[in-house]
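In order, the protein sequences belong to chains A and B.
Numbering-wise, the first sequence is residues 1 to 368 according to the working numbering.
Numbering-wise, the second sequence is residues 369 to 661 according to the working numbering.
Hints should not be assumed to be uniformly reliable.
Okay, the calculated beta carbon distance ranges per label pair [claimed, not checked]:
1. B:C498 x A:P71: 31 to 41 Å
2. A:Y13 x B:C498: 28 to 38 Å
3. B:P549 x A:R103: 15 to 25 Å
4. B:T588 x A:E101: 31 to 41 Å
5. B:T523 x A:R65: 45 to 55 Å
6. B:P549 x A:E280: 31 to 41 Å
7. A:E295 x B:P549: 37 to 47 Å
Don't read these hints as lab results, they were simulated from the structure.
Values in this document were obtained by computation on a predicted structure and should not be read as measured data.
By construction, the Cβ of each residue, glycine as well, lies at the ideal position given by its N, Cα and C atoms.
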Amino acid sequence: MGALTIKNVCKSYGPTDVLKGVNIDIQAGEFLILVGPSGCGKSTLLNMIAGLDGITSGEIQIDGRVVNNLPPKDRDIAMVFQSYALYPNMDIRRNISFGLEIRKVPKSEQDRIVNEVSSMLQIDQLLDRKPSQLSGGQRQRVAMGRALARKPALYLFDEPLSNLDAKLRVDMRTEIKMLHQRLKTTIVYVTHDQIEAMTLADKIAVMKGGIVQQFGSPRQLYDEPANMFVAGFMGSPSMNFIPCKVVSMGNETGVEIDGGAGTFKLPVRSNQLKSSEGQEVMLGIRPEKVTHKIESHLENSDFHLAKCRVSINEPTGPDTNIFIHMNGAKVVCRSTPDSAKDPGEEMEMMFDLSKMVFFDPKTEERLA
Amino acid sequence: MSSFSADTPHSSSVMGRIFIYGILLIVAGYFLLPLLVMVFTSVKSMEEIRTGSLISIPTSITFDAWSKAWSSACTGVECSGLSGYFWNSVWLVTPTVSISTFLGALNGYVLTKWNFKGADVFFSMLLIGCFIPFQVILLPMARTLGFLGLAGTTTGLIMVHIIYGLAFTTLFFRNFYVSIPNELVRAAQIDGAGFFMIFWKIMLPLSIPIIVVSVIWQFTQIWNDFLFGVVFSAGESQPITVALNNLVNTSTGVKEYNVDMAAAIIAALPTLFVYVVAGKYFVRGLTAGAVKG
Chain A
1 MGALTIKNVC KSYGPTDVLK GVNIDIQAGE FLILVGPSGC GKSTLLNMIA
51 GLDGITSGEI QIDGRVVNNL PPKDRDIAMV FQSYALYPNM DIRRNISFGL
101 EIRKVPKSEQ DRIVNEVSSM LQIDQLLDRK PSQLSGGQRQ RVAMGRALAR
151 KPALYLFDEP LSNLDAKLRV DMRTEIKMLH QRLKTTIVYV THDQIEAMTL
201 ADKIAVMKGG IVQQFGSPRQ LYDEPANMFV AGFMGSPSMN FIPCKVVSMG
251 NETGVEIDGG AGTFKLPVRS NQLKSSEGQE VMLGIRPEKV THKIESHLEN
301 SDFHLAKCRV SINEPTGPDT NIFIHMNGAK VVCRSTPDSA KDPGEEMEMM
351 FDLSKMVFFD PKTEERLA
Chain B
369 MSSFSADTPH SSSVMGRIFI YGILLIVAGY FLLPLLVMVF TSVKSMEEIR
419 TGSLISIPTS ITFDAWSKAW SSACTGVECS GLSGYFWNSV WLVTPTVSIS
469 TFLGALNGYV LTKWNFKGAD VFFSMLLIGC FIPFQVILLP MARTLGFLGL
519 AGTTTGLIMV HIIYGLAFTT LFFRNFYVSI PNELVRAAQI DGAGFFMIFW
569 KIMLPLSIPI IVVSVIWQFT QIWNDFLFGV VFSAGESQPI TVALNNLVNT
619 STGVKEYNVD MAAAIIAALP TLFVYVVAGK YFVRGLTAGA VKG
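Please put together the full structure from these sequences, using the hints given.
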């Protein structure tokens with residue numbers, strides 16, 4: 001039995017369906033991330049898990065217990081809000097202990113928990129201040145401390161890092177990950193930032209239009225995206241999509257590509273396209289899978305060399321992004337600064353055939 | 369350009385300052401003059417009032433008129449001064465201000481944080497209450513009070529003021545609570561707090577600035593009210609405004625201007641007091657409440 005089970009949950013406000021049959025199941029100790037563009041229903045889903053919002057149909061279980069009709073306080077959850085939602089009239093100590101106070105935890109026990117939590121989050125010297133006297137990062141810690149104090153079955157995070165500046169966000173991200181590894185708590189975390197999702201999650205649910213597009217481990221989502229939306233959403237720079245035609249290559253199948261320096265064919269490793277010769281498909285390949293020539297890979301039959309014409313190159317420091325037009329689509333490739341060629345020149349590119357994925361250009365669903 | 373304006377604004381800003389302060393002084397003097405006349409007249413003897421001019425500085429100061437206004441001036445047939453009516457007003461204002469402010473806070477809290485079906489319609493209807501003139505509700509209210517057996521009682525008057533004030537206090541609190549993030553309430557809900565716990569422990573402590581506004585408004589309205597007082601109360605239970613009117617309009621004997629003035633000042637003092645005291649809290653409340661949720 002999972003720590004959190006969401007069965008066929010739907011939510012509609014009047015005629016608008018916000019969630020259309022969501023199914024998610026995670027085990028105790030897992031870190032689940034709900035990610036998607038704004039308006040995809042991820043925050044609504046989180047509020048429904050918290051009990052702040054009712055569900056139209058379906059079932060939510062926390063720790064094996066159906067909580068559909070339970071108020072938030074009886075669901076054994078704690079939540080960290082985007083705006084932190086610290087009580088402005090209380091000092092930090094009371095902010096953390098307020099939930100314990102309401103639950104009639106003895107005063108000595110409250111003090112012990114507050115001290116434990118605050119030293120863990122390094123906010124012990126702030127306990128007598130008011131929230132208004134803290135910086136954004138400190139408020140963030142207090143908000144987490146308030147959630148940690150109660151030791152619930154499930155922690156909910158609603159875009160907790162989106163109000164912090166870029167540097168602090170990266171630091172806090174690492175800290176949340178460390179905290180999770182240490183405490184082995186079950187966490188549901190909402191974000192629109194796919195990097196946060198990739199770095200933190202054990203399981204990711206990519207959502208769009210009230211539907212879970214794909215649910216799986218970060219690795220699965222990255223390498224085996226279920227459709228073009230997931231493929232494009234996860235990863236930065238995002239996956240390249242090249243429209244191309246399936247052709248025969250002797251006893252193999254392949255796709256034909258014009259990279260500005262003559263057409264070439266790339267063999268397809270999957271058997272799924274065998275019978276689709278002549279069809280138009282969408283080839284998806286990540287930037288780091290189209291590179292400069294790497295000598296050590298030359299022996300490996302999964303790597304394929306082809307000449308292309310460079311349109312633009314963008315040095316980022318460690319890498320140089322090469323832009324090449326392939327079959328009219330702009331394709332980003334990753335190369336070392338040394339091997340990058342200038343715009344207009346021809347460059348030999350190395351394709352990792354094992355990481356190519358194919359989509360139906362109409363339904364955008366994965367073919368192979 | 370910057371070197372240009374660096375030295376010129378200095379002299380012109382001094383001139384500007386003089387001009388502004390000059391205007392302010394004149395305007396302040398203009399507004400203070402009536403009060404000054406009242407204070408001067410109230411400490412003069414009748415002899416001096418008859419012989420001197422209206423704005424002349426009193427030659428000898430006497431508080432006889434004040435004590436007469438307080439304890440022995442005639443308001444109609446009764447000759448016991450304003451003291452009794454003053455306390456009437458205090459007993460009227462204290463419960464009305466506190467109850468209407470409290471209910472307004474509760475209304476605002478429900479309207480903003482516990483949205484129910486039809487809340488907007490309810491609020492708009494309540495808002496209409498702010499625009500209904502006193503005169504319009506006199507007759508219906510008189511009938512209602514009669515029906516409830518409260519006609520001519522202080523309780524009846526208290527009820528009228530609470531009901532009439534509720535539209536305003538609700539509006540104040542509702543608009544204030546709209547700016548308090550809903551996440552605060554949600555966080556408290558998850559922490560396990562219920563409806564009234566959130567109200568007492570989270571919302572009310574944040575509401576000090578608006579409580580002060582509401583108290584000032586309600587206090588001024590109700591203390592200064594004449595119409596409801598004269599219509600819905602009788603005899604002994606009348607508020608000070610009605611008594612003041614009776615005192616000034618009593619037409620037996622000499623017109624004692626010094627007593628009238630002293631009585632008028634006595635009637636106005638509590639509102640002045642509330643402004644001075646609460647005004648300070650108001651500023652303090654504003655700075656203390658300047659917290660992003």
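Going down the list of hints, with the structure as the test:
no. : hint                        : result
1   : B:C498 x A:P71: 31 to 41 Å  : 35 Å, holds
2   : A:Y13 x B:C498: 28 to 38 Å  : 31 Å, holds
3   : B:P549 x A:R103: 15 to 25 Å : 24 Å, holds
4   : B:T588 x A:E101: 31 to 41 Å : 39 Å, holds
5   : B:T523 x A:R65: 45 to 55 Å  : 52 Å, holds
6   : B:P549 x A:E280: 31 to 41 Å : 50 Å, violated
7   : A:E295 x B:P549: 37 to 47 Å : 58 Å, violated
Of the hints listed earlier, those the structure fails to meet are numbers 6 and 7, in rising order.
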